[in-house]
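Since the structure of chain A is provided, determine the placement of chain B on it from the hints.
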Amino acid sequence: MGFALELEKSGVPTIPVSTHVFARLAWATARAAGMPTLRSVFVPQPVVGRTAFELRAYIEGTDPVLKQPFMKGVLDGLTQPLTDEDLKGATFERSTPRLLEPDTEDNLRQLFIDNGWTDYLPIVLPTEERVEQMLKGTSLLGDKVVGRMRPTAFREYWEFDIEKVAVNAVMAGARPEYLPVVLALSASGVTARSSSTTSFAAISIVNGPIRNEIGMNTGIGAMGPYNLANATIGRAYALTCQNVQGGSVPGDTYMGTLGNNWAYTACFAEAEEKSPWAPLHVDNGFKPTDSTVSVFFGGWYTQSGFGPRETWKETFIRCLTASDHYSPPLIVMDPLVARAFADLGFTKPSLIGWCAENAKLPARNYWDNQWVMTLIRPHAIAGVEPYASRLKAAPDELINIFTPNDIKIVVLGGETQGGFKMIGGRSSGRGPGTDNKDTPTGLIDIWR
Amino acid sequence: MAGQIVVHDPRGYPPKVVGKRLANRPESLDGKVLYLIDCLFDNADVFMEQLRLWFAEHMPQVVTRVVRPRESWVDDPEMRAKVVADGNAAIIGVGL
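Line by line, the protein sequences are chains A and B.
Take the position in the first sequence, starting the count at 1, then add 22; the result is the number in my numbering.
FYI, my numbering numbers position 9 of the second sequence as 0, with every residue one higher than the one before it.
Next comes chain B alone, as it looks inside the complex:
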């Protein structure tokens, strides 16, 4: 059409997103091992300690274990393997 032009799209090529299901949930955390993962952001250790204390006071039947990756922003396969091997659930924070 008159007055119209064609231009390129400036964006890159995104990867295909493959759906992944969430893990099955236990009915209860009673007697289960709950890993509290301190992701190493500043003050996350204090938050996780407070979360551990909350469980100790309100749900003492939950076994909590605090763990940390070897460094921030980088995957730690060994830590993940440990959580997968003997953990029933996990909370990670605080940050992204």
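For reference, chain A alone in the conformation it holds in the complex:
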């Protein structure tokens, strides 16, 4: 869609082809780009997995949205003269007021639901007094711009300031002392409300002294609903993303086919004091005394297991190779597991290295994946390593599916069991949602 809009602006008549489920999204994108009459055409969903014969039938068949022969839409779109509407485009201002019209609590709660401003769980209404109180959680002014956000790469950016984050933090039930963490997450540039069809969420890890200052839970139930800070910080970040980027509406600004329960709230704190290894933020170049957030774009899959028992290697290899390869694993392990690995002689880098070295698949399995084909294959064709070597491999040749830099380890949990999870979560480098960032970690202290 972005290419089509740019080419039209450059004087080249262009027809974007989308599958029919993306029709609303296509029109909304064109409208927001000032080109509401962009001549789009549609084929049935899906294209993935269809044979050449079946795709030819799409081309020779009926456009399921425009209800006319597909090729008529293409040829008319490229050759029919422009109308007055085509020539003028559409210029318009959209504004979002700072305050809404006064109303009763019940009516305002319904308004927030009707407008898609909530996650459908109860919210705290962001009154002026509550937002003012929330803003006491930072020394910075409310009108300081935090950043820009959008649901996916081809959509428009919306801008937001500290007050908007505070408003959403109030809605989530957060306390003022949590605000710097929510601000750091919101400034990460990673949306927790991606519109990706793969239903990505954002999973974040808090490190440093602020974990204890605001009472985050790193022990029993650290990833569950057992702590106000954990629960509301993740929710505040998610609601902020949803609202400051211009929405997360199914069929329009959200296309995740299954949805994702990590999207409600997914902010966790590392049990640094119980880990035998350096914490995540120190791995990423920060001081132990720094307070940071690290954001992982993923949550598409979650696997769990125990260990390390006698057959831990087989267990880990099964989990690693079952992971979707475009979304490498964030490995979360209980301190019991981490210390047991340390007792086996592993440092964190050596365990990550072992995982990368032993996670292998036949090349045919690796490449038989929609997103590997879409996101990684172009780099392989362009000669970018290690993808190029993977593409050159014979179909039955075992290839490494991750590099050490792909895999991260975080230690948390209550030591009631030696459990671990592998959660899909890309934090840096090439891939969806990361904007090729060098580091996934941002400083909280600058938002205090």
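Keep in mind that a hint or two might mislead.
To be verified - As a list, the in silico PhoX-like pairs of lysine-lysine whose alpha-carbon atoms are at most 25 Å apart: (1) A:Lys335 - B:Lys73; (2) B:Lys7 - A:Lys110; (3) B:Lys23 - A:Lys31; (4) B:Lys23 - B:Lys73; (5) A:Lys166 - B:Lys7; (6) A:Lys110 - B:Lys11; (7) B:Lys73 - A:Lys31; (8) A:Lys31 - B:Lys7; (9) A:Lys335 - A:Lys443.
Treat the hints as calculated values from the structure; they're not laboratory data.
Same frame as chain A, now just chain B:
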């Protein structure tokens, strides 16, 4: 009014939308260069090849050229410049 409260709007600040006109259309594609842009989504290459074959069979006077951006989801100014430089029209797909 009694019982009424004032609350903040939680939304961010949208950019101003500036209208842009569509490109002028040729009367016909005969003898024109039509770029078929494979946007790199899985199987889009197969679709574009079928589209190329359709033009070859039904409108052979149209010159079709298949091109691809260097990666998915990312702008490719060089590819766009090539299409603008010697293309008369383009079809891009399949996906967003």
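Outcome of the hint check:
Distance hint between Lys335 (chain A) and Lys73 (chain B) is unfulfilled; the C-alpha atoms sit about 51 Å from each other, more than 25 Å. With a CA separation close to 16 Å, the supplied pair Lys7 (chain B) and Lys110 (chain A) stays within the 25 Å bound. Straight-line distance between C-alpha atoms of Lys23 (chain B) and Lys31 (chain A) comes to about 19 Å, which keeps the hinted pair within the 25 Å bound. Distance restraint check for Lys23 (chain B) and Lys73 (chain B): the Cα-Cα separation of roughly 15 Å lies within the 25 Å cut-off, and the hinted pair is therefore satisfied.
Between Lys166 (chain A) and Lys7 (chain B) the CA atoms are separated by roughly 20 Å; this keeps the pair inside 25 Å, and the hint holds. A threshold of 25 Å between alpha carbons decides the hint, and for Lys110 (chain A) with Lys11 (chain B) the separation of about 7 Å falls inside it, so the pair holds. Between Lys73 (chain B) and Lys31 (chain A), the direct Cα distance comes to roughly 15 Å. Compliance with the 25 Å bound is thereby established for this hinted pair. Proposed proximity of Lys31 (chain A) and Lys7 (chain B) is supported: the alpha carbons are some 17 Å apart, at most 25 Å.
A threshold of 25 Å between alpha carbons decides the hint, and for Lys335 (chain A) with Lys443 (chain A) the separation of about 15 Å falls inside it, so the pair holds.
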